[in-house]
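Those protein sequences? They're chains P and E, same order as listed. Counting in the working numbering, the first sequence runs from 9 upward without gaps. Counting in the working numbering, the second sequence runs from 1315 upward without gaps.
Honestly, the hints are just simulated from the structure, not real lab data. Glycine is no exception: its CB is placed at the ideal position from the N, C-alpha and C atoms. Be careful, since some hints might not be right.
[As the list claims (entries may be wrong)] DSSO-like cross-link-like pairs, simulated, lysine-lysine; straight-line CA separation at most 27 Å: (1) P:K251 <-> E:K1340; (2) P:K251 <-> E:K1548; (3) P:K130 <-> E:K1408.
[To be verified] Rough simulated footprint, nothing fancy, chain P against chain E, three-plus residues with beta-carbon under 8 Å: (4) 1370-1378; (5) 1397-1405; (6) 1463-1475; (7) 1545-1557; (8) 1572-1583.
[Unchecked claim] Sample of chain E residues with no beta-carbon within 10 Å of chain P, all distances over it, derived: (9) E1352; (10) S1495; (11) R1500.
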Amino acid sequence: MTTYALPFEKPIVELEKKVQDLRSFSQNQDIDVSQEIEQMQQKIDDTRRDIYGHLTPWQKVQVARHPTRPYPIDYISNFSPEFLELHGDRLFADDHAIVGGFGKIADKKVLFIGTCKGRDTKSNLKCNFGCAYPEGYRKALRLMKLAAKFNLPIVTFIDTPGAFPGVESEERHIAEAIAVNLRESFTLPVPIVVVITGEGGSGGALGIGIGNRVLILEHSYYSVISPEGCAAILWKDRAFADKAAEALHLTSDALLEMKLVDEIIPEPVGGAHSDYEAVFENMKNAILRNLEELQELSTEELMQQRYEKFRAMGVFEEPEVKKKK
Amino acid sequence: MPFFRKRTQSTLKVRKRDIPHGLWLKCPSCNEIIFKRELDKALGVCPKCEHHFQLDRDARLTMLIEPDTFEEWDSELCSLDPLEFTGTASYSSKLEQNMKKTGHKDAITCGRAKMGEYPVAIGVMDFQFLGASMGSVVGEKVTRLIERGTEERLPVIISCASGGARMYEGMYSLMQMAKTSAALARHAAAGLLYIPVLTHPTTAGVMASYATLGDVIIAEPDALIGFAGPRVIKETTQQDLPEGFQRSEFLLEHGLLDAIVHRKNLKQTLIQMLEFTSAT
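Working from the sequences, and respecting the hints, build out all of it.
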């Protein structure tokens, strides 16, 4: 049962409340209503299936931002109880918006990197709501190079609104930190699997988003600009975010169709937040399968595949006549 | 020489630096009325206050390279509208307008040229074309420029100016950051020189990819350079922005830039860099 309901989940919440009322009524009056409850439960399932089967892009963005959605650290802790976190960029600070360290996934040694939003006010502030400073990206790169040195595959989980737009970020060159990560990610001789688990906020996501495989959880989004930001530019009003979300083609199925992601990891009906165990299982299987496939490639093939994958992205027109080479 | 005198204006003010098509025009920085021909002769730098006006690609190329040495590459690449993006106006109509306005197919011109005696692969971005935003065409042309530079063992020089990734192409635009950076990884591995020249303004997606990946990073005076726009930062953090925030001088002080170079010395400085890093 969800404690936080999105606007479009209201019908589900209402039905759930009715079930609860029925239950307490039956307890008080000692009347058997199990049949009614069963019917209601069926109706809840149908309603949920119906709602989640027809989510608009903007609704998906809201699911991706759901406060009880499993976060990267939840996947890491679930897969790897022995996760050994490593701190700091060795240059300035330890950014809590990005965590990383040694871990395992089904006994396979990997290096995990993930963004961190925090669950409550205190941890939200500590993690800066998942918006990393330059030191977060520099820590990630340091750890990726560590993985390369010890031949560990890298698995990154991304759920960030974006890199932090602040004075300190600029003073310490957030753009350079992201750019260097992009460039260096193409020189790493180990398999990299990237998973967008919630929000894929522009350059802040891409900064740890270069891999041989880029997977995306079904109701996540990945966008060049936030729908609100886009709406503010185009319609001068953030309230048009729903229109912007549609225009930006930021949903998992749209991205798969454009070949900008490789695979969609399905979520349980009702979203990842409705059933952690189910989504952990789907996620784990998808990552393991991809890691196994990548294990078949040589170092050169891995780097070449990564290069060609991103090299092919983009749509343009080029008249044949003028083509050189 | 006082070419980076402090200004009292807020960084939030948008200043138009395009050179208008009149005989006379007013310097947005010192309000001096300048004869256009005089401004052109001074490479678009205000003779009174040294304010650097924005240059279009032709003026930029002319000032950087040796005459008659330019061989353009990939000039026919043309943007499509893969998302059929429609906001207040459609992307395809914006493209059409900008092509008409600039006489070019997109926001960057690339090719091979000579600077001094040195052959280079050079790209110049043009802010007049949709704010020199980076969509698939800009990304592809930059990538090809770098790849061909690597193949032909040429130094790469890119005169940058950009409002960032081109929103109208959605995630295709964001991925151009990855693509161009990947090409630079190979160019760097081949031991070749890459210099981005940051001009007013260079921001966002271009900043977070090839504009900051230079062996040497050079900027023109008083250019706006940064990742997030000052307004966004102010709105998000409610912070007061420090004086001169995100200007070239600020970034030199904070360690991002190797040098701020006045436009009249730009070509010579680049040639010197080419000389110092050349094998012979």
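Verification of the supplied hints:
no., hint, in the structure
1, P:K251 <-> E:K1340, "40 Å, violated"
2, P:K251 <-> E:K1548, "25 Å, holds"
3, P:K130 <-> E:K1408, "46 Å, violated"
4, 1370-1378, "violated (count 0)"
5, 1397-1405, "holds (count 5)"
6, 1463-1475, "violated (count 0)"
7, 1545-1557, "holds (count 7)"
8, 1572-1583, "violated (count 0)"
9, E1352, "36 Å, holds"
10, S1495, "4 Å, violated"
11, R1500, "8 Å, violated"
Violation of the numbered hints given earlier is confined to hints 1, 3, 4, 6, 8, 10 and 11; the remaining hints are satisfied by the structure.
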